[in-house]
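Okay, here's what each chain looks like letter by letter:
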Amino acid sequence: MKIDRRSFLSFLLGGAAGTALSPLPWKLTDDSSIWTQMWPWTPVPEDGEASYVNSSCTLCPGGCGITVRKIDDRAVKIEGMKRHPVNNGGLCSLGLSGLQLLYGPTRVKTPLKRVGKRGRGRWEKISWKDAVSEVAKTLGDLREKGQSHTVGFISGSDRGTVPRLFERFLTVYGSPNLIRTPSIIDSYELALHLMQGAQALPGFDFENANFILSFGSGIVDGWGSPVRMFRANSAWRDTGGKVIQIEPRLSNTAAKSDKWIPINPGTEAALALGIAHIIIKESLYDAEFINNYSEGFEDWKAFVLGEYGPDSVATITGIDSTTIIALARSFARASKPLAICGRGQGTTPGSLNECTAVHALNALVGNINKKGGVFAVAEPDYINWPEVEMDATAAAGMQKNRLDGAGSKKYPFSRYLLNRLPQAINSGKKYPLKALFVAGANPLYTMSDSKAVKKAFDKVPFIVSFSSYMDETAQNADLILPNHNYLERYEDIPTPAGMPQPVIGLSRPVVEPQFNTKHVGDVIILLAKAMGGTLSDAFAWDSYDACLKETMGYKWQVIIEKGFWSYPDFVAGPREESFDTVSGKFEFAPKETGSLKPFKPVKIEGDKTNYPLLLMPYDSIRLANGAMGDPPFVMKSVDDTVLKGTDVFIEINPKTAGEHGLREGQLAMLSTPVGQAKVKVHLFDGIMPGLVALPRGLGHTAYDEYLAGKGINVNELIGPVEDPVSGLDAAWGVRAKLAKA
Amino acid sequence: MFPFSFEWIWDMGHVVFMGGLWYALTILGIGMSYCIIKAAMDACRGNDEHHH
Amino acid sequence: MDSALIPRGVKRCPFPQFILFIAIVGAVLLWGVYAMLLCWFKGLNQTNMNDFYGFALWIWADLAVIAVGGGAFFTGLLRYIFGKDDLKNIINYAVLIGFICYSSALLILAIDIGQPLRGWFIFWHANVHSMLTEVAFCLSCYFGVLTIEYIPLVLENRQINKVPFFHHLGHNMHEIMAVFAATGAFLSFFHQGSLGGVAGVLYGRPFAYREGLFIWPWTFFLFTWSAAACGPCFTILVTKITETVTRKKLVKDTAIQLLAKISGWMILTYSIAKTADTWYWATVTVPSLGQTLMDFYSNNPFYGIWILILEIAICGFIPAFILITKKGRKNSAALWIAVFLAVTGVCINRWVMVLQIMAIPVLTFENWVLYLPSWQEIATTILPLAYGVILIAISYRYLPVFPNEPELNPIETLPAEEEEAVEPSVELEQELKPAEA
Amino acid sequence: MKHKNAKKYGMVIDLDKCTGCGSCMVACMAENNVPFRKDESNKVLSITWLRVYQLTNGKPFPNTDICYLPRPCMHCEGQHEGHSPCVSVCPAVATDYNTETGIVSQIYTRCFGCRYCMASCPYHARYFNWWDPVWPDGMEKYLSPNVSPRMRGVVEKCSFCFHRYQLAKEKAFKEGRREIKEDEYQTACTQACPAGAITFGDLNNPNHAVSRMVKPDPKHHGRPTNPNAFRLLERLGTNPKVYYLSSREWVRRAGDNYLENEAKYKKTVHQG
Amino acid sequence: MSALDNNAKEIAGDAGSDGGATSSPEINTKEQDKGPAGPVILFFIVGLFASLILGWIIFPKLLYSKKKQPIDFNHVMHMAEVEDGCESCHFFREDGTYSGVPKLDQCIDCHEEIQGDSPDEIKFVEEYVSKGREVPWLVYSRQPDCVFFSHVAHVKVAGMDCVTCHGHIGESESLKIYEENRITGYSRDIWGKSIGGFKKNTWDRMKMDDCAECHRKMTANIERTGVKTPTKRLIDHLVDVVSPGTSMSEKGSSVQTERGACFVCHK
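Protein chains in written order, with our numbering: chain Y, 52 to 792; chain F, 311 to 362; chain H, 93 to 529; chain G, 1372 to 1643; chain S, 112 to 378.
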């Protein structure tokens, strides 16, 4: 048989007909489509049993309750805990994206030891045993040489069992250098100490206040316990509460407020005193409180009446006198007025004078330790560990002056002055820092004048980071002893920032530890045991969890069930018992503060001729600027008028931009006495002419590719300014200039 | 596309639209079949009549 | 080398020259194919499209090639249904151009969709309320019609025609071409229209939205009309370009003139209708939605009112007036200008109805978003162009596309041609027919 | 085609309370397995089912005002039920209007990525997966099994967390109930909003908070009768189910287009 | 006569015909056509059958890979032990979700120790129970990720029997081979054993159309108007268009399909 062309064609035709009549082409077409619906590289989340675990969020001091939804052993969603006293179901964007931190690429997965030069990012994995013994050896050597005081510890908090373990360790070891990271809380603590004689945290009864006079506090920008503040703000909408926001830039808080009063930056103290002037002059103050529970009012009154007439205040602040008078009257006449301070999120402590002036306003209207007012909230007294026994070395070490100068003759009342540490190290005048531990903090990113901070850190020969994440400080450490992520560990959360009643929250393991990490409390206990002697004696617990359980005592059962422990029967003591000053009364003008001296604005860096503009950092709830950086979801929520690609935008008034010949979106060089950076221009009508604003929270060099290398860290452009009384950082900005790039 | 597919509804839209479509397809199909079959037959028969 | 395949009575350039030409255009084609593969394998992130520009250059190219490809259906309609016999001299080329345009459109659509392997869902799971479904169905059906119309031409190739089956097939198809053409016209009317409907039904976009007749917005009719009006201009334009490139007269003036005249009147009536539509839309529709005409033509660096004037006045009325006057269309330069303007006009219209719609903010707090295509988009848009040139070149070389050509360009040196023709073609025949051994 | 007990789920967002904190955006992303990329600053390429816009009144310092406006999918009802701008244009029935809940769905496995729906949506509520979704190694652990991750090349959008409705239904069925209660079905953004600015519920049910807040007028396609309430682009006739409340006139006016000198919004009924 | 001769002659003839009207090649083709028609038809049939065999028999073998379950399982034996039938192990959770294939936790009560001496039992206890590893069962009826299927709605509300969709798996003494579609990753039970998609029983296939088929019947039953004929539907529709709201037709909640809304079953 000949196979000719026709036969072949015929064969093909038959084949085509047969194929069409078989499932082959149709099934293949269908299956290829189904393949696109099931692409093997698109993940398929495994289904399973849903469960919910209540815990507390520790990503900021807000202390929100969280409910974590789990599918089998995976955590799949974080939600706000319903009926939690702080947040009642709501949660901020950082808290909501916590799982990206838990499972994220920035986790330090095992103890790491630096290889090669510091900060190069080259590490070798080491075992926990080796890591602990290496630290123990370094510390032991220093102690042997009598240099125990050259060990420093930077902690994000000084409350709760974990920071108290740090403190206990340093005490028995023999170093006074435990330093807490700064915030407005420092200034408030000091103000409460000086004016009320209290060693306490400020608590604000926002829920019951109805007239909020905010001196730049970002009520809805992350100030205090952010979610609680959001809730309070909404409650005021419903109940008719008023918010007056005083700041030079239209922040979200200003936009949400009932009245936004732009003020010349850094003159808030003068305005507070100007308001006091009117209140006193028009006798609008709470005479009962003033007469019975205050001291030094007459002196202060004379001072305020003499110096702070509305016209002179108007000149200083740029707010016209009628506004000041009206403001003072409405504040004093409100049934539940409340004045607060701390710019933005209260990231920097600010000037002490400002804080006392604002606090004096609250005293003037008599709302100290009273419903709708300010409370001095002592830390709940649940940590009652046996007294430590200090050996001679420890005692000698503890006798040494603190390296940061807190508690010194110059700054006798301040407890921690982290802002002074770089200078103390760099000048080398006191003593060197031979070892530094960092936990719950990221000073290399959060401290201003980054260059000086970096220089100081470079001088410390041994840096240990306890960070769960590869942050800037961890990246520049010699040893990383990664802590469990906050969803993998137990920790008590003492009273959230700004709460008027004490609450203890509990953060608890939601999932098993994902990596080879260890609870920092356990590491401290292990370290103490490794060092032996009095150290070992002072840390008799088997583990941190045992320590916590023992510490909580009978509260443990409740806190484990409810997720928090509150003091329902907490009432502020009677007025008579409220003040622990020498006079036993509220001090209007404690002499230590020098508050009777005429107002002098904080002298910020830079001269007017070379730097005609003022640069102010601003805080945004969408940009975490503390020890944590933004997880990818939160980064995603950042507006394109804040960040575009890797360029950050400065906010500038169109008028000022016009004077500089700058258009929207244009690149410009922003210089300050501290540093300079390339920025993009965003014209914003809501900012005072002559001002330039830059967001905090960008410009990370560590973390993952979702965060690092974007924008600039405002701390590279700003340096600290020491408050003459507290020694805390009082800088609210820096002089700057702008040129086309 | 077909009355047995999930999305099909017996409504005006489907009847008119798909009706028009199937109508056109039918014409094209019948036309082409006619041409092909006739061509095959012509070729077999060696029909040459239409040539001028 | 390939003279056995070349139609009788015409002269073609030497084979190496032809191959060189194909190679050069082929290189462009390959560039396009490369870009196409990038889009298929890496996804549409290769483009500069975004969530505001879901429709962009490709959809414009699609709409534009279909509009200018409308010459095929309209010429076919005139030739087979209305019996304009003069057009038989240009109908082949019109069909070829249409075929290229429609196959390109389908190719572009296949690249444009995010999930090409699911493309058939548009047929299988059709939503008959969607204008795009109508487009897809009619487009593919009409492409089928164009293929049917193109096949007889292919079958007329000297060698293919020798196969009796093909010979008869070609003949039979010619016989009932009117039926196909009528079906094609029916389909074409709807898909040209539904392409207009694609924009017109977007009631969320005041710039696109039009009232209309029953389910069809006015743009439905305007698109059909404009395609019928400007499509033939494109056929003329391409014919003119081909004549320039080949340095030959290929189509008799009578055909061109007739087509130009009809096209001219179509453009004129279209332009009047478009003006009326624009007027009604600008004075009634848009204000009822709280906007004014100038909202769509200001506050952005590109789209000014000039584009509307250019589209309607300069590329609408001017070519219309040139083409409806005998003097105008007889003048070669004027004819060139007129058809060029008309084609430009319809392309601008399609651009506006795709890209400007996307650019205009509807929410008061959004801004204009302009768009620049990526090289991949440009390459894949040029790809059909290169493909078209190649298909035209091959068809022109091997098929009797222009029935008038031998008549208009008599070959003088016949014997030489003959000599050359015989020898190589034997070899070629051998290749084509396997020896019966 | 009205169903007995048909629901019309809708949302009311109080812009006086909204602080622009972005919790809703993030809660939505976390709930719905929304992917993210290295650079998300180009907002026309950034999948954000619920996007918070910043509106300004355009006045110079110090009379400037800003307002935040969260924009989920509006789940438009259209002029006749289900004639939302996007549903009617989808050529492959990948997006649909559910008359039982009033929710506009998107079926990712059906969508073949023509993007016509995106072109039709004046709210830019629809997003295309230009890239394959990629989670950094290990992070896919937090993906929720209740929402399927989308593949490259398809369109996605807010679903009013429909899976939560499904889960609530399942629970009700288990407990022998057929109906679910108001608080059993709440969207992730509603729950997460720290300011309590978002309220979600059935607009057909006069007892639900959403109905009480905006008092929709059923004769006029649910147009709000509360003078402080408005819907985005009301005059287009899309009939969204997301309502906004604002005490500020300029904010309410920013919700739609107005002719110059147009004193007040005249309620024109769209002839679609 | 050789083809070569033919062609040469033909071309010569062509060349001589002045290139005018097409000459007729039929003189030659006629002769060619005289070739036997038999082989041509035979080849057609060969091609037809070859491709049919390829499509119907070889293709499915290539398309599906065969996988064995990690261990065998005897449903019959377990059914005898439990009181609640299928739901004893495949139960509903508190929140109404369906638990699916049992986890180790459920087995551990009885299988802490090795029961009997079957090798599968030994493997189960040694490999999985004592090591705390879940058994990686291959689930025959696993629907793809895009599907949301509410078991509780079907079993508790509609009172359906497991067998309707899953067949008589509860009466099996051992587990069958699991076949996986190499392209899609689906279990073969979804498309059904028959490559042509034919089915006899309700449980033979688990495609969307099978859901639809059953639902259509159910809807028709509920309406008690019998299965709606196309004509009736169309008339209903015409009534709807002419005078909306008067038609008695009860449609599904989907505007597009007039059936259940898409996302009732898709996520």
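Simulated from the structure, these hints should not be mistaken for laboratory data. Each hint should be verified, as a subset may be incorrect.
Below, in silico cross-link-like pairs of lysine-lysine (DSSO-like), each with a Cα-Cα straight-line distance of 27 Å or less [as the list claims (entries may be wrong)]: (1) H:LYS344 <-> Y:LYS695; (2) G:LYS1545 <-> S:LYS214; (3) H:LYS422 <-> H:LYS344; (4) Y:LYS480 <-> Y:LYS654; (5) Y:LYS659 <-> Y:LYS642; (6) S:LYS242 <-> S:LYS178; (7) G:LYS1430 <-> Y:LYS133; (8) Y:LYS133 <-> Y:LYS121; (9) G:LYS1542 <-> Y:LYS695; (10) F:LYS348 <-> H:LYS418; (11) G:LYS1545 <-> Y:LYS695; (12) G:LYS1542 <-> Y:LYS133; (13) G:LYS1545 <-> Y:LYS121; (14) G:LYS1409 <-> Y:LYS695; (15) Y:LYS176 <-> G:LYS1512; (16) G:LYS1552 <-> Y:LYS133; (17) G:LYS1512 <-> Y:LYS791; (18) Y:LYS461 <-> Y:LYS651.
Hints, one by one, checked against the model:
Proximity of H:LYS344 to Y:LYS695 is assessed by CA-CA distance (about 60 Å); at most 27 Å being required, the pair is judged violated. With a CA separation close to 21 Å, the supplied pair G:LYS1545 and S:LYS214 stays within the 27 Å bound. At most 27 Å may separate the alpha-carbon atoms for a hinted pair to count; H:LYS422 and H:LYS344 meet this at roughly 13 Å. The hinted pair formed by Y:LYS480 and Y:LYS654 meets the criterion: a straight-line CA distance of about 25 Å does not exceed 27 Å.
Between Y:LYS659 and Y:LYS642 the alpha-carbon distance is near 33 Å, which puts this suggested pair outside the 27 Å criterion. Using a Cα cut-off of 27 Å, the hinted pair S:LYS242 and S:LYS178 holds, with the two alpha carbons roughly 23 Å apart. Distance hint between G:LYS1430 and Y:LYS133 is unfulfilled; the C-alpha atoms sit about 40 Å from each other, more than 27 Å. As the CA atoms of Y:LYS133 and Y:LYS121 are separated by approximately 17 Å, the hinted pair is consistent with the 27 Å bound.
Note on G:LYS1542 and Y:LYS695: the hinted pairing is violated, with a Cα-Cα distance of about 45 Å set against a maximum of 27 Å. About 46 Å separates the Cα atoms of F:LYS348 and H:LYS418, which puts this hinted pair outside 27 Å; it is violated. Taking the CA atoms of G:LYS1545 and Y:LYS695, the gap is about 49 Å. The hint is violated against a cut of 27 Å. Taking the CA atoms of G:LYS1542 and Y:LYS133, the gap is about 20 Å. The hint holds against a cut of 27 Å.
For the proposed pair G:LYS1545 and Y:LYS121, the alpha carbon gap of about 21 Å is at most 27 Å, so the pair holds. For the hint linking G:LYS1409 to Y:LYS695, the alpha-carbon distance of about 12 Å falls within 27 Å, and the restraint holds. Restraint check for Y:LYS176 and G:LYS1512: the C-alpha separation of about 24 Å stays at or below 27 Å, so the hint holds. Annotation: proposed proximity of G:LYS1552 to Y:LYS133 holds, straight-line Cα distance about 17 Å (limit 27 Å).
At most 27 Å may separate the alpha-carbon atoms for a hinted pair to count; G:LYS1512 and Y:LYS791 exceed this at roughly 46 Å. Straight-line distance between C-alpha atoms of Y:LYS461 and Y:LYS651 comes to about 19 Å, which keeps the hinted pair within the 27 Å bound.
When each numbered hint is compared with the structure, violations occur for hints 1, 5, 7, 9, 10, 11 and 17.
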